[in-house]
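Use the sequences and the hints to build the structure in full.
Residue numbers (my numbering), protein chains in the order written: chain F, 1 to 113; chain D, 114 to 228.
Read the hints as simulated data drawn from the structure, not as lab findings. C-beta atoms are modelled at their ideal positions from N, C-alpha and C, and glycine is treated no differently.
Just some of the chain F residues that point at chain D, by a computed CB distance under 10 Å:
| hint | residue |
| --- | --- |
| 1 | Asp31 |
| 2 | Tyr36 |
| 3 | Gly41 |
Reference excerpt, derived from the structure (chain D facing chain F, CB under 7 Å, subset only):
| hint | residue |
| --- | --- |
| 4 | Gly155 |
| 5 | Leu156 |
| 6 | Phe158 |
| 7 | Tyr161 |
| 8 | Leu204 |
| 9 | Ala211 |
| 10 | Asn214 |
| 11 | Pro216 |
| 12 | Phe219 |
| 13 | Gly220 |
| 14 | Asp221 |
| 15 | Gly222 |
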Amino acid sequence: GESVGLHLPTLSVQEGDNSIINCAYSNSASDYFIWYKQESGKGPQFIIDIRSNMDKRQGQRVTVLLNKTVKHLSLQIAATQPGDSAVYFCAEPSSGGSYIPTFGRGTSLIVHP
Amino acid sequence: GAGVSQSPSNKVTEKGKDVELRCDPISGHTALYWYRQRLGQGLEFLIYFQGNSAPDKSGLPSDRFSAERTGESVSTLTIQRTQQEDSAVYLCASSLGAGRNQPQHFGDGTRLSIL
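So, in structure tokens, the structure goes:
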């Protein structure tokens with residue numbers, strides 16, 4: 001049988017399209033969020049972060065939106081390129097003052113030339 | 114620029130052998146984390162070091178796993194009597210300060226394969 005763990009949510013887009021990757025978080029007290037990109041065979045790489053006193057933060061070709069009402073985070077990538085193909089996951093600090101962040105399972109972005 | 118460095122990048126060993134994985138964090142980063150990542154899965158926390166404080170070992174899956182850190186520099190993760198289920202990528206990350214509300218900087222990991 002299939003292993004659920006091997007099937008990450010996948011988003012397939014054409015080169016040049018805009019991509020939106022979503023993340024739901026669980027702790028309403030979380031005050032800091034990070035998006036990471038992990039290419040095949042490499043470690044996760046920091047993309048952008050946002051603090052809870054902001055709703056939106058822009059980087060180069062990337063924008064993170066935070067909706068605290070519904071505990072939802074999204075990463076928007078403009079003009080997606082083949083080099084953007086990777087697994088993207090969000091992270092939030094754990095509750096109770098822990099220094100161990102909670103990582104989402106990730107979304108696999110596939111960009112077709 | 115010196116990022117987080119891990120060695121070896123790949124390790125193949127026989128079941129029952131001990132392995133030692135090394136992590137060199139970014140200079141000045143006092144927080145250091147070890148994670149395990151199985152194929153197609155997310156990051157599984159193993160252990161956290163912060164300065165000279167006692168490490169948080171709450172993620173270690175069994176007593177076959179241990180880790181040490183020398184001051185605020187190199188860390189080694191040791192797996193004794195390896196099992197096939199230990200096959201995974203082991204990632205190390207470091208961050209500034211205590212690590213909370215700070216991005217983590219990851220190495221490229223050690224891919225461990227147990228035959």
